[in-house]
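Kindly generate the complete structure, drawing on both the sequences and the hints.
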Amino acid sequence: MTTDQRRPADDTGAGPAADAGTGSRTVRVGSACAPWVRTRLRTAPGSATALAVLVLLTAFLAAVFPRAVDAYETEGLHHDISATAPQHSLLEVTSLPLGLEYPPALREEPLRKATTGRIHRELLSRLSDPFHPDAARSSYGVHTTKALPAAEPWLPRPNTLPPRFTYSAPSALPAHSTLRSGHWPAVRGDVHTDTRQVEAVVTAETAATLHFKVGSTVEVPTQGGNPLTVRISGIITPLHPENAYWAAEPLMRAASLVPDPGAPTPTYFWTATLLLAPDAAPALLGTIGEPELFWRIAPDASPLTALDVPRLRSAVASRENGPGLLELRKIAGPTATLTTDLDQVLLSYEAMRSAIGPVVAVAAVGIGAVAAVVLLMTGGLIATRRHSELALLRSRGGSLRGIGGRLLAEISVCTLPPAALGLLLAVLAVGQARLWPAVYGATAVATLVCVVLPLRTTLLHRRPQLHGARDDMMHARPSRRRTVTELTLLVLAIGAVIALRRRGTTGSSGGVDLLVSSAPVLVGLIAALVLVRLYPLPLRLAARPVARMRGAIGFLSLARAGRSSTSGALPLLALLIALTTAAFGGSVLAGVADARDDAAFTAIGADARISTRGDATALTDRFIRKVRGTRGVDEVSPVQVEYGIPLPAAGGGSDTAADSVATDSKGVALIGVEPRSYAHLAAAGGLDPIPADRLSATGPPDDRVLPAIASPSIAERLGDRPYEIQSMAGDFKVRVVGTQSRTSVMDDTTFLIVDAAALPHRQPTTLLVTGDTLDAKALRAAARDAGRSISVRTRSEERAAFADTPMQSGAERIYAAAVAAGAGYALLAVLLSLLQTAPERATLLARLRTMGLTTRQGGRLLGFEALPQALLAAVGGLLVGWATIALLAPGVDLARLALFTGPGSGVPYTAPLRADLRSLALPAIGVVALTAAIAAVQAWWASRRGSITELRAGDTR
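Every number in this note's numbering is 8 more than the matching position in the sequence shown, counting from 1.
To be clear, the hints were calculated from the coordinates, so they are not data collected in a lab. It is possible that part of the hints are untrue.
Each computed SDA-like pair below joins lysine to any residue, with the alpha-carbon atoms no more than 20 Å apart [unchecked claim]: (1) K221 - P161; (2) K221 - A159; (3) K634 - A786; (4) K121 - T102; (5) K741 - R702; (6) K154 - R172; (7) K741 - A765; (8) K154 - T201; (9) K741 - A786; (10) K154 - P235; (11) K785 - I632; (12) K634 - A790; (13) K634 - R788.
Have a look at the derived ranges for each label pair, beta carbon to beta carbon [unchecked claim]: (14) A359 - N167: 42 to 50 Å; (15) R196 - P112: 32 to 40 Å; (16) T625 - P274: 15 to 23 Å; (17) E109 - R239: 31 to 39 Å; (18) V460 - L930: 27 to 35 Å.
Everything numeric in this text was worked out from a predicted model, so none of it was measured. Cβ atoms here follow ideal geometry from the backbone N, Cα and C, with glycine treated the same way.
Here it is, written out as C-alpha cells:
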C-alpha cells in the first residue's frame, strides 16, 4: 500500500481529491492550493451564471408578489374612499345648543366662532388615529335643520308654493369660494339671540335660479314674532364644487326643486341655503329653524393602508356607539353624536378584498409550486453533472459533511447576492408596500436553493453505487413508501377540491385557506404521479410493432424514451403544474372578460342604446333615419316599451268572475320589436333563438291575435289562450307562442314581446344600435340635435365601467403575470430536462455517426426520443387543466373581480369559471414546439462537432 493510500482522509473531502477530475495524482491541502469556490466557479461559469439568473428571477417574483398585493389593496382603499360621495365618507359630529332654561349669554357662547373653532381643532387631534383627517377639506359651523318658508313676492313659486330656506354659518367661506359681486358678510358688534338683521351670501347658481341680487332681503320667522332680516351682501362662486366643503350639503352650492311631501298631488317648491358669517351664528338661536352645531371631518386616505382597515372600522364604530362617543361628548357637548357612512365603505371594501384575495392566492400557490419544482430540477441537473466527481471524492474518503459544506459554499455565492438583488428590484418596482413579506419571500427562495440543492446532491452518495446501473421508468418498481406518499397526496387533493366546491375559494374564517388555494397544484401533482406510473405502458405497446419495422430510428427512439430516468417525474410534475396554473389563470382572465361582456350586453342590449327618460317619449322617424345614417352603424332596431300593463292574475285561464277581474298589481312590460332585427340581437346576446316569422301577426286587423314571446312567469300565467291587452299602444289580443328567460331590451323579469308593426299605435321609444365601429360622439350629437332629453349609452363604455378599480386591475395584472410565469417556468422545465441528458445524447449521436447515421436521421432520433414525454406532458397538461377547471368551477365565482363597480354597488350577476381553449392549448403546444426545436438544435450542433471530441478514450458515458 502506498503512502497516499495509507494517509487518513481529510474530513472536508477536498484533500486527496482536490484534483480528482484528472485522476492522475493526489494533492495535499495546504496554503498553496487554490480556494475551492473560486476554482469551481471558474471551471463552470455558465452553470453558475444560469443558477444566479434563475434565483434572481424567482426571488424577484417571490418578493414582488406580496408587495403588489399590498399595493393594489391600498390603492383600492384610497379609490373607494375618494370615489365615495363626500357626504358619505366624512365624519359629521353634531350637537344641539343649550335649552331655553339657560341664560342667553350661556346659550350663545358655544355658537361663536372662537368656541366652535377650538372644538374643531380638538376633534381633529382626537380623531387622528387611525383616522387621518384632512383639515383643508373639513369645516364647522352652525346651520338650521328645518327649512323655513320665505314670503317675498319676487321669489319664484312653481305650483304657487313659496321657497324654503335653510341658513348656515360655515367656517372659512372665503377660502373655498370667490366673490363675484358685493362683499363678504360681516357683523357689526356682537350678534345675540335678539339680533334682527344679519348679512349673507349666496352662490351664483342659487342667485340665478331664485333671482337673488346684492341687497335682496329675506325675512326669517323667529320665536318672538319679530322676523330676522337676512340681507344678501354678495354673490360667490365655489372654487371646488366637488370638494367635501360644498358636497356635504348640496343646498349650499345650488338651489333644488323638491316635491312637497304633504301634497296629495305632485307639487314642487324651491329650496336653498343662505350663507351667513360665522360670528352671526347666535342670531339663528332666535329663529324657529332648529339650529344645530356641526363639525364635518373629511378623511385623508393617502396615509391609510389595507392593514389599517380593521382598526379604522373599530375606531369608527366606537365613536358612533361606544367608548369613543363619550370622549367626543366631553369635547363637543353632552348631546354630540357622530354619523358617517365610512364604515359601510370599509365594509364593502373588505367584502371585495375577501372575494378577490383567495382567487389571487390560487395563482400565487401555483406559481410558487412551479418555481420550487424548477429549482429542484436545477439541483437534479447539478447532481447529474457532478455525479462522477462527487462519487470519486466519496470513494477517496470525502465525508458527506465536508462535501455538503463545499457545495453549500459554492451555491451560496451563486444564490445570496442574486436573491438580495431580486429583493431590491422588487422594492424598487413596487413602492408603498410592506417590506417584511418581500424579505420572507426572497429568503424562502434563497433558503430552498441553499439547503435543498446541496442536500439533494450529497445524499445521493450515502452509499456506493454501481457504475452504469439502470434507473429507468420501464423497469422501476414503486416502493411502499412512495405508494403511501402518493395516496396521502391523493387524499389531500380530494379534500381540497371538495372544500373548494362546497365553500368557494374563501376559507372558513373568511380569509385565505391554503388547502383550498392549492387545489389546482394538488390536482396537477396527482395527475403527474398517475402519468408517471402509466408512462411505460404505451411505450411497451408501441415498441412491439416498431421493432418489426425496417429502420432503426423508431425502435431506438422508443427504447431511449423508455430508458428515461425515474427522476423524469420531476420535469413532468413541473410541466403539469405550470400548464395547469397557466390554464387556470388564463381561464380566470377569460371568464372575467366574458362576464363583463355579458353584463354590458345585458345592460345595453346592443352595441349602443338610445332612449328617452323612462321610455316615455316617442322617437321621430326623422331621428331614426339620422341614426341609421351615422358612421359605423350597421343596424338599428326600433323598440316600443311600455311599463305597467295589467294582466290577469294566475289562473286567469279559468272562467270564474274573480279570475276575470284579478290583475297583477305590478303589471308587465310590453315590448314592441321588429322581429327580424330582434332575432339578430337575441342571437348576438346568447339568448334563446327566435325565428323572425314566429312573431309575425296574421289575420284581419280587427280580429288579429298577436303572437307574443313572454317571460316564464307570464307564460305560465297566460297559458296558450288569447288575452285582451289594454295599453297606450292600443287594445289588442295576444297569445303566448314562446318563452325567454330574459330579453336584451331590459333587465325586467316580466315582459311580453310582440311585433311592433301590428300595434294599433306604433311609437318607438328606444333604439338598439349595432355596429363594430360605432361613433359615440356622432350618436350623441344626433341626440342633441333632436332637441329632446335623449340619452346614448354604449356597450364599450358600460364594459369599461366594470374595470376601473385598482383592486380589480391589480388582481388581473397578477393573473396575467401568473400566466406568463407559468408558461415561462414550463418552458424552462423542458429546457432543464433536456439539458440534463444532453451529454448522453451527444455521445450516442457520435457513436451512431461512426456507424453511418446521417445528420437528418440524428435529428429525427433525438426528436422522436424527446417527443413521447413532451406529448405526455402537453396532452396531460391540457386534460388536467380542463379537468381542474371543471372540478373547481362550482366553487369559483368571479363576479366581484369582474363586475364590482364601486363602494355600495351590488353585483347582480354571477361569473362562473369556464375553461378557455387558448389558455389550455397554447402552453401545451409551446412545450411540444420547444422540445422539438431543442432536439433539432442539439442534433445540428452535434453534427458540427467531431466524433473524436465525444468519443475520448476511457470515457464511460
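Task: Satisfaction of hint between I632 and K785, Cα-Cα up to 20 Å - done: holds (16 Å)
TODO: Could you check the hint for me, namely that V460 and L930 are 27 to 35 Å apart, CB to CB?
DONE: This hint holds: roughly 31 Å between Cβ atoms.
Open item on the list: For a C-alpha distance cap of 20 Å, please report whether K121 and T102 respect it.
Closed with: Cα-Cα ~15 Å, so holds.
Open item on the list: Tell me if the beta carbons of E109 and R239 are separated by a distance inside 31 to 39 Å.
Closed with: At 32 Å between Cβs, range holds.
Open item on the list: Within 32 to 40 Å: is that where the Cβ-Cβ distance between R196 and P112 falls?
Closed with: violated (19 Å)
Open item on the list: With the threshold set at 20 Å, check whether the alpha-carbon distance from K741 to R702 stays at or below it.
Closed with: Between K741 and R702 the Cα gap is close to 16 Å, so the pair holds against 20 Å.
Task: Distance restraint evaluation - A359, N167, Cβ atoms, bounds 42 to 50 Å - done: holds (44 Å)
TODO: Assess, step by step, whether the Cα of K634 is no farther than 20 Å from the Cα of A786, and give holds or violated.
DONE: holds (10 Å)
Task: Restraint status (C-alpha distance of K154 to P235 at most 20 Å) - done: holds (16 Å)
Open item on the list: Given the hinted pair K221 and P161, is their Cα-Cα distance within 20 Å?
Closed with: Within the cut-off at roughly 14 Å; holds.
Task: Consistency of beta-carbon spacing, P274 to T625, with hint 15 to 23 Å - done: Because 18 Å falls inside the window, the suggested range holds.
Open item on the list: Hinted pair, alpha-carbon criterion (20 Å max): K634, R788. Please report holds or violated.
Closed with: Status holds; Cα separation ~12 Å.
The earlier numbered hints that this structure contradicts are 9 and 15.
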